[in-house]
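Chains as they are written, first to last, in this note's numbering: chain A, 6 to 237; chain B, 25 to 202.
Worth flagging that the hints you see were computed from the coordinates, not collected in a lab. Computed from a prediction, not measured in an experiment: that's the story for all the values here. Just so you know, even glycine gets a beta-carbon here, dropped at the ideal spot from N, CA and C. Please note that the accuracy of each hint is not assured.
On the chain B side, residues computed to face chain A include the following (Cβ under 7 angstroms) [to be verified]:
1) Ser52
2) Ala88
3) Gln92
4) Ser96
5) Ile107
6) Arg111
7) Ile146
8) Tyr165
9) Ser170
10) Tyr171
11) Arg190
12) Leu193
13) Gln195
Quick partial rundown of chain B residues pointing at chain A, CB under 10 angstroms, derived from the structure [unchecked claim]:
14) Phe56
15) Leu60
16) Ile78
17) Gly85
18) Val89
19) Asp147
20) Gly151
21) Leu166
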Amino acid sequence: MTSAADMPPEDDLLAAEYALGVLPQAERAALQRRLETDADLARRVWFWEEQMAPMAAAIEPVEPPAALLTDVERRLFPAAPEAAGWWESLQFWRGLSAALLCLLVIAGGLAVFLSRPGPPAGGYVAELAGAPAGLQLAAYYDARSATLKLNRVAGVPAAGRDYQLWVIEGQNPPVSLGVLPADPVVTLKLPPQLAAKLGAKAVLAVSDEPKGGSPTGLPTGAVLAAAPLTAI
Amino acid sequence: MSDDLSRLIQRVGLGDRQAFRDLYRLTSAKLFGVCLRVLREKSEAEDALQEVYIKIWHNAGRFAVTGQSPVSWLAAVARNHAIDRIRARKPQSVDIGLMPEIADEAPDPEQASVAAGERQRIDNCLGKLKADRAEAVRGAYLEGYSYQELAERYSMPINTVRTWLRRSLLQLRECLQT
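Excised from the complex, chain A in its bound form (with noise of 0.2 angstroms):
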């Protein structure tokens, strides 16, 4: 976490004072749009927020309407199929792996069957999982779009550290695909160079490192997950 002496003073003042709401409307919707691209501030509101929550013990639980959820249903869900895509479900994930299983067997009983290989695929994930509770990553590649999908199930960097993802082919040196951003749920667009190393047979990597990523081009802190892309 950013340590507030790493920042100007009146800045922690502001962020203390924002997340206590005593701001007057100018001052609050200025800082509202520093944080929009301040990330030390904003994990400054972040901290004194969570400070200050303790008071919010003393408010007492008032029971909505009945009716309330069923409007912020209808607001957030305006038509009744779902509307959520495949790619942000939880399930999906979980179901993946089984029906990956299937696939694979059926493919390779239909390879044999051919006894040639099956139609250039254009799909591929990974599910990248580092020690329990830690960096959970769920990737999806389409090589048709070069676009790289990854969603960040769990883990967040350490103070002063960011994620950093690779590519690994065979016995070749990682090759780095950028830092995680801080938002979870992000799709890249990968350059001809780099979406040519993706595919079966490559190994997704994430490492800890040094905030704006590994200085030497090589990971230098610790691989906390790292799977294989496979063929969907």
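Place chain B on chain A using the hints.
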């Protein structure tokens, strides 16, 4: 409870509607209480609560990066929204201007692992402030008082209130981090 809420929020972040419903059932009375306390009017607090849960749905994916406990995160979403609403309702024209420098004496603050066990600290630390100052911090947190309202309540110029409240916040920080 805290772990259950964390898991629910993470599932909400992945678009799980059942988890959203469960989270609502477990937390809506508390968050409605928060909105009511700040907004003081039932129908407005109801509108605010709807928007709070819409924000929770959209922002749940970012919960983990804040490092906050689920209860703190939820309370902050509700309070921030209620305070935004009440500030918009009562726009303040007073420019409180540049503040006099306050000496920052905290030498090496925050080791801040904000572990759950440390969270009752705020009460101890507020107890070390002068009674009226602790009351002002609590009033601002619970009732959503702005500097303007605090100035009126304490019959002091707004800049004076801001200076002493900031001193209190510095003292709090020092206490919270030791």
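key: Gln92/B as an interface hint toward chain A, with CB separation required under 7 angstroms   = With a minimum Cβ separation of about 5 angstroms from chain A (threshold 7 angstroms), the hint on Gln92/B holds.
Tyr165/B as an interface hint toward chain A, with CB separation required under 7 angstroms = 5 angstroms, holds
message = A closest beta-carbon separation below 10 angstroms is what the hint needs, so does Phe56/B meet it against chain A?
response = Constraint on Phe56/B satisfied, holds at 4 angstroms.
Given hint Arg190/B near chain A, where the shortest CB pair must fall under 7 angstroms = 5 angstroms, holds
Interface hint compliance - Ser170/B to chain A, C-beta minimum distance less than 7 angstroms = 6 angstroms, holds
key: Interface hint for Val89/B, Cβ within 10 angstroms of any Cβ on chain A   = 5 angstroms, holds
ask   = Should the interface hint for Ile146/B be scored as holding, given a Cβ-Cβ cut-off of 7 angstroms against chain A?
value = Because about 5 angstroms separates Ile146/B from the closest Cβ in chain A, which is inside the 7 angstroms limit, the hint holds.
ask   = Once the shortest beta carbon distance from Asp147/B to chain A is found, is it less than 10 angstroms?
value = 7 angstroms, holds
key: chain A contact restraint for Gly151/B - C-beta distance below 10 angstroms   = 12 angstroms, violated
query = When the nearest CB of chain A is found for Ser52/B, is that gap smaller than 7 angstroms?
reply = 5 angstroms, holds
Restraint satisfaction for Ala88/B [CB to CB of chain A, less than 7 angstroms] = Holds, because the Cβ-Cβ distance from Ala88/B to chain A comes to roughly 5 angstroms (cut-off 7 angstroms).
inquiry  = Using the nearest Cβ pair, does Ile78/B come within less than 10 angstroms of chain A?
reply    = 6 angstroms, holds
Checked against the numbered hints above, the structure violates hints 13 and 20; every other hint is satisfied.
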